[in-house]
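Participant: Start from chain A and add chain B according to the hints.
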Amino acid sequence: GAGVSQSPSNKVTEKGKDVELRCDPISGHTALYWYRQSLGQGLEFLIYFQGNSAPDKSGLPSDRFSAERTGGSVSTLTIQRTQQEDSAVYLCASSFRAGGRVEQYFGPGTRLTVT
Amino acid sequence: GEDVEQSLFLSVREGDSSVINCTYTDSSSTYLYWYKQEPGAGLQLLTYIFSNMDMKQDQRLTVLLNKKDKHLSLRIADTQTGDSAIYFCAETYTGRRALTFGSGTRLQVQP
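Taken in sequence, the protein lines are chains A and B.
Going left to right, the first sequence walks through residues 1 to 115 as my numbering numbers them.
Going left to right, the second sequence walks through residues 1001 to 1111 as my numbering numbers them.
Bound conformation, chain A alone (with noise of 0.2 Å):
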C-alpha cells in the first residue's frame, strides 16, 4: 500500500508570504504528526495529531505556526509570514497503536527555504 505523501516537495518562498504544507498519512492510521529538520539536526517535534482528540500543539515554535487535520485524514501545516528561520525540511509520519509500540512511518519531507 502508499506510504505517508507530502507535498509540495520542494517550496521556495519569500519572506513574509504564507505557506502551507500537505501530509496525506496511510490510510488507517489514527495518529499523524509533524516534525522539522534543520540542516544538520536532529528532529524537532512540531505537532501531532490523535483520532479526534485536541492535538498536542507543545512543539510549536511560535504562534505563526499551525496545523488541522482534516476528517481524521490529510494534514496541512501552516506558516504565517515566513522567516529565513523557518527554512528546513518538513516531515510528517504517521502510526498505528501495536500494543503499547508506537511505529512512526514517515514521508520524504517538504523541503521550505526562505528567501
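Derived lysine-lysine pairs resembling DSSO-like cross-links, with alpha carbons at most 30 Å apart:
1) A:Lys11 / B:Lys1036
2) B:Lys1070 / B:Lys1056
3) A:Lys57 / B:Lys1036
4) B:Lys1056 / B:Lys1068
5) B:Lys1036 / B:Lys1067
6) B:Lys1056 / B:Lys1036
7) B:Lys1056 / B:Lys1067
8) B:Lys1070 / B:Lys1036
9) B:Lys1070 / A:Lys57
A short list of chain A residues far from chain B (calculated; beta carbon distances all over 12 Å):
10) Pro8
11) Glu14
12) Gly28
13) Phe65
14) Ser66
15) Thr70
16) Gly72
17) Val74
18) Thr76
19) Gln80
20) Gln84
21) Glu85
If you're looking for bench data, these hints aren't it; they were derived computationally from the structure.
Note that the structure is a prediction, hence the values are computed from the model and not measured.
Glycine residues also receive a C-beta, built at the ideal position from the N, C-alpha and C atoms.
Facilitator: Then chain B, alone, in the frame of chain A:
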C-alpha cells in the same frame, strides 16, 4: 527535558562492522528506535527495542541497550555501501506519542 546525543560521523570499510552509539537522559524512556535516512528520502524505521530488553538482533542489525548508563548502540554487521546514510536514534515513553530524536550519525562506507 529529554536529550538524545549521537556522534556526528562514522567511517568504515565495506565488510567491516559499524557501531553507532547514542546516549539519552530520560530515565522514563520505554521505547528506543533506530531510523535510517538516505539522501533525499524520509526516515525509515530500522528497528526498536523496549526498555526491559538489553539486546535485540534482526538479521545484520544488533541493538544493545544499557539502561543503567542510558546508552544505546546499533551494530551493523558486514557493512555495505548501501548502508551509507544518516542514522537517527530516538526515544519515547509510554503515554507520550512524539519521539525525541538525536541529531543523527552520518555513516560513510568506503569500498
